[in-house]
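If you read the sequences in order, they're chains A and U. Each residue of the first sequence is one higher than the last, beginning at 1 in this note's numbering. Each residue of the second sequence is one higher than the last, beginning at 1001 in this note's numbering.
Fair warning: there could be bad hints in the mix.
With a straight-line Cα cutoff of 25 Å, these simulated SDA-like cross-link-like pairs (lysine to any residue) come out [claimed, not checked]: (1) U:1011 / A:71; (2) U:1011 / U:1058; (3) U:1057 / A:26; (4) A:71 / A:101; (5) A:61 / U:1101; (6) A:58 / U:1063; (7) U:1011 / A:28; (8) U:1057 / U:1071; (9) U:1057 / A:71; (10) A:61 / U:1104; (11) U:1011 / A:5; (12) U:1070 / A:43; (13) A:58 / U:1052; (14) U:1057 / A:5; (15) U:1070 / U:1084; (16) A:58 / U:1070; (17) U:1057 / A:58.
Between beta-carbon pairs, the in silico distance windows are [as the list claims (entries may be wrong)]: (18) U:1014 / A:66: 23 to 33 Å; (19) A:77 / U:1039: 23 to 33 Å; (20) A:113 / U:1014: 13 to 23 Å.
Calculated directly from the structure, the hints in this document are not laboratory data. Nothing here was measured: the structure is a model prediction, and the numbers come from that model. No residue lacks a Cβ here, since even glycine has one placed at the ideal position from N, Cα and C.
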Amino acid sequence: AQSVSQHNHHVILSEAASLELGCNYSYGGTVNLFWYVQYPGQHLQLLLKYFSGDPLVKGIKGFEAEFIQSKFSFNLRKPSVQWSDTAEYFCAVIISGSARQLTFGSGTQLTVLP
Amino acid sequence: DAGITQSPRYKITETGRQVTLMCHQTWSHSYMFWYRQDLGHGLRLIYYSAAADITDKGEVPDGYVVSRSKTENFPLTLESATRSQTSVYFCASRTGTGSSDTQYFGPGTRLTVL
């Protein structure tokens, strides 16, 4: 079965620092990749997604992610974080051709210090 | 535009009781999903439904029952609640095909089983 790994469980940064959250998946076929964000007490919201084409995907709120197929990775980046980015971030994958349910990573809690 | 609503938002129950969590979507999306969110596990799929009267198991279905008599509703029942079912439950629905394929999540139900 496919799996998604997020190796950073908790990241603490100061405002204006750059962010990179790791995401690796374990499936050799075609995948669709997603990053979701969950602000404290709220539901999951889609940050960005990759289906095909340009492997550098830009999402909302200044986030971007790069799909590197050879590394089975889809890391999330932001050049300068803000206090309001404090949230939990989830990477997820859909295997193409399946029933298209999402498989999630365990999440990364980001704390941005003012 | 209400999107996805879940009720109740918070529930405390006792071991052995039956509990039903409600999920309602206003978009008429074909696919609906139930996930549970636990610390260190991210979100795990419990059940999903491809259409009214069509349901299938996800990763962690034991102890849960679902039904879908109408497209807009997808209730999740814990037939005899156990403490291990204490969790936050998210309902989701899916729209689109191809690159517009996106899952939207409800606000969640926090369930505590004593």
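Against the structure, the hints come out as follows:
{"no.": "1", "hint": "U:1011 / A:71", "result": "violated, 43 Å"}
{"no.": "2", "hint": "U:1011 / U:1058", "result": "holds, 23 Å"}
{"no.": "3", "hint": "U:1057 / A:26", "result": "holds, 21 Å"}
{"no.": "4", "hint": "A:71 / A:101", "result": "holds, 23 Å"}
{"no.": "5", "hint": "A:61 / U:1101", "result": "holds, 20 Å"}
{"no.": "6", "hint": "A:58 / U:1063", "result": "violated, 40 Å"}
{"no.": "7", "hint": "U:1011 / A:28", "result": "violated, 41 Å"}
{"no.": "8", "hint": "U:1057 / U:1071", "result": "holds, 18 Å"}
{"no.": "9", "hint": "U:1057 / A:71", "result": "violated, 31 Å"}
{"no.": "10", "hint": "A:61 / U:1104", "result": "holds, 18 Å"}
{"no.": "11", "hint": "U:1011 / A:5", "result": "violated, 31 Å"}
{"no.": "12", "hint": "U:1070 / A:43", "result": "holds, 24 Å"}
{"no.": "13", "hint": "A:58 / U:1052", "result": "violated, 35 Å"}
{"no.": "14", "hint": "U:1057 / A:5", "result": "holds, 23 Å"}
{"no.": "15", "hint": "U:1070 / U:1084", "result": "violated, 29 Å"}
{"no.": "16", "hint": "A:58 / U:1070", "result": "violated, 37 Å"}
{"no.": "17", "hint": "U:1057 / A:58", "result": "violated, 33 Å"}
{"no.": "18", "hint": "U:1014 / A:66: 23 to 33 Å", "result": "violated, 48 Å"}
{"no.": "19", "hint": "A:77 / U:1039: 23 to 33 Å", "result": "holds, 25 Å"}
{"no.": "20", "hint": "A:113 / U:1014: 13 to 23 Å", "result": "violated, 41 Å"}
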